[in-house]
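One line per chain: the protein sequences are A and B, in this order. Take the first sequence: its letters are residues 299 to 612, numbered as in our numbering. Take the second sequence: its letters are residues 299 to 612, numbered as in our numbering.
Don't take every hint at face value.
No distinction is drawn between identical chains; accordingly, a pair holds when it is met within one copy or between any pair of copies.
[As the list claims (entries may be wrong)] Taking lysine-lysine and the DSBU-like style, the derived pairs with C-alpha atoms no more than 30 Å apart in a straight line are:
| hint | residue 1 | residue 2 |
| --- | --- | --- |
| 1 | Lys366 | Lys576 |
| 2 | Lys576 | Lys403 |
| 3 | Lys458 | Lys318 |
| 4 | Lys450 | Lys318 |
| 5 | Lys450 | Lys576 |
| 6 | Lys366 | Lys403 |
| 7 | Lys318 | Lys403 |
| 8 | Lys576 | Lys458 |
| 9 | Lys576 | Lys318 |
| 10 | Lys450 | Lys403 |
| 11 | Lys458 | Lys366 |
| 12 | Lys450 | Lys366 |
| 13 | Lys403 | Lys458 |
In short, the hints are calculated from the structure, not lab data. Computed from a predicted model, the values in this text were never measured in an experiment.
Protein chains: 2
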Amino acid sequence: MPPTDRISDDSGQREDAVLKAISRIVSASHIPAGEVHIGDDAAVLEPTVGSTVISTDVSVWGIHLDPKFFSLHDFGYKSVAAAVSDLAAMGARPEACVIAVTAPKGTDLIAIHQGIAEAALMTSCPVVGGDLSTGNDITLAVTVVGECPDSKPILRSGAKVGEFIFVTGPLGRASAGLRLRRAGADLDNELVLAQRRPYPRLREGLTARDANVSAMMDLSDGLALDLNRMADASGVGFELDQVPVADGATLEEALSGGEDYELIIVTPDPETLLHLSKERSQIQPILIGRTVSDTSVRNFEGQPLTPRGWQHSL
Amino acid sequence: MPPTDRISDDSGQREDAVLKAISRIVSASHIPAGEVHIGDDAAVLEPTVGSTVISTDVSVWGIHLDPKFFSLHDFGYKSVAAAVSDLAAMGARPEACVIAVTAPKGTDLIAIHQGIAEAALMTSCPVVGGDLSTGNDITLAVTVVGECPDSKPILRSGAKVGEFIFVTGPLGRASAGLRLRRAGADLDNELVLAQRRPYPRLREGLTARDANVSAMMDLSDGLALDLNRMADASGVGFELDQVPVADGATLEEALSGGEDYELIIVTPDPETLLHLSKERSQIQPILIGRTVSDTSVRNFEGQPLTPRGWQHSL
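Just need the whole structure built from these sequences, with the hints factored in.
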């Protein structure tokens, strides 16, 4: 909807002109026949194949990413990558995203959209539309749409008792990167890059769906919180034997640091998952434990793994 | 993505608890078999029939709606209605929406979501997912997905020379309602209601698509601005003979007041449009003028209708 008060001065850039500049940055280089991206009331995409999967994610500059240590380009990139990770977590293939931005006058919208465009390209999730408004905060709401050809999306609620719990990589990298950056590490430090430039596990999610796993979710808020959420949704408990800690990260960062965007995968059939991953030359998922019938059992090395990690206080 | 700093105090409501309360308010009463709405990494919808149409719209409390004169319930309602109007403008059928909210701690999220739920119900556009973050501003980013069975969505760029321009109703109501409310009118004044509770022209949009109209868009920013945008996109000029002014509104409000959410429809075949509208007992579209070949001609009653209306200064 338009704002209540008309903008009477022409000193700022006008909305249509800004939108044109941004659309040049984020537009896909190839738009499939029959599709319409930025510029109309809505974007037009080909009909989805299989179930349509949709998710929205909002980030606030200064809350989700600290301006003292990171750039608006990072903010644009991470916002899109985090949203696309929700598609990976369903085993979905990205179809498109739309971006809603608020920002104070004078904000470097170009830098934000260059970050958005980079993540959209990396994840094959073209930006097909957006909206802009002035505001006090810089906020980015990214909505992603994906599809699941051939089989159903994998839910977090599908885990059964006696199944095997995997993660797609060592944990704690993003959290360690944040700690290092705060202590003065360079932007191109490997762990700082894990924090600034997460890459959603799209191929691993597709492979897990092909392997008929029973439950999956992405690790955005940390293993301790997210695995407890999955156990709640599935009505199971869990016993973890080991958690892979990334080089340079602490065990606590691996357990409760967020933003790794690795996947938790639960399956009754680990052989197929590992076989398909190997056959496709992908990351070998790492076995960390088993689901159990007693829903009150949420253990790591025999001790309770209490939910802790990133939660907003609203 | 999660925030950089963990919330250390538990004095606020915790995210998961708030999300549960909100999901009870906005959840559809009937969820189709095979679909998954709120609660997983992403929502799962049935495959779309015909083209998928998607649009996002962001509103900021205090910029798009004035807290002195309106409520958070109004804000939730209008944000969804305005987004759904973009589906109407394509001739699409609503499929679902997702909502991203930022708000300071202590904000009445319940009121916002009651407004959201009301508009979702009114427009048959169920809320299937969302995200929440703290922020200084109250912002609502609404993303709507729709589908176009049987034929293609109607673009704003499809108008040809010598076609007929219609609107779906008298203009200026929302703008007049804002003026009256500021002057002390009651919330249930008919024009104030047009401002607070716009209803997207979904049925009229579907009928226009069935009538094979050539171009369509919704009037969110006022006729003067939006019709010029449509003329730019289509590469045509226009001559308007008359503009229907709503009872209680001024001519200027009809020309440049935004938020009426009526549709502009351009067609080479007005008989079919009028016939189908009548047959379906719908609003009869009102003829306001013709498209012309000289793109520099943008006239109302022989005088230039310059682009003016709601534009952000960014």
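Using 30 Å as the alpha carbon limit, work out where lysine 576 and lysine 318 are close: within a copy, between copies, both or neither.
neither (45 Å within a copy, 40 Å between copies)
Intra/inter-copy verdict for lysine 450 and lysine 403 if alpha-carbon distance must be at most 30 Å
neither (44 Å within a copy, 38 Å between copies)
Intra- versus inter-copy proximity for lysine 318 and lysine 458 (alpha-carbon distance at most 30 Å)
For lysine 458 and lysine 318, the Cα distance is within 30 Å only across copies (23 Å; inside one copy 50 Å).
For lysine 576 and lysine 403, with the copy left unspecified, which applies at a CA distance of at most 30 Å: within, between, both, or neither?
neither (50 Å within a copy, 47 Å between copies)
Cα distance capped at 30 Å. Does lysine 450 pair with lysine 576 within a copy, between copies, both, or neither?
within (23 Å within a copy, 43 Å between copies)
30 Å Cα threshold - placement of lysine 366 relative to lysine 458
Answer is neither; intra-copy 44 Å and inter-copy 52 Å both fail.
Is the C-alpha distance from lysine 576 to lysine 458 at most 30 Å within one copy, between copies, in both cases, or in neither?
within (25 Å within a copy, 56 Å between copies)
Please sort lysine 318 with lysine 403 into within, between, both or neither, judging by C-alpha distance up to 30 Å.
So lysine 318 and lysine 403 pass the 30 Å test inside one copy only (17 Å; across, 35 Å).
30 Å Cα threshold - placement of lysine 318 relative to lysine 450
between (38 Å within a copy, 25 Å between copies)
Within, between, both or neither: lysine 366, lysine 576 at alpha-carbon 30 Å
neither (41 Å within a copy, 62 Å between copies)
How do lysine 366 and lysine 403 come out at 30 Å by Cα distance, when the copy is not named: within, between, both, or neither?
both (20 Å within a copy, 23 Å between copies)
For lysine 403 and lysine 458, with the copy left unspecified, which applies at a CA distance of at most 30 Å: within, between, both, or neither?
neither (51 Å within a copy, 37 Å between copies)
Hint compliance for this structure: hints 1, 2, 9, 10, 11, 12, 13 are broken, all remaining hints hold.
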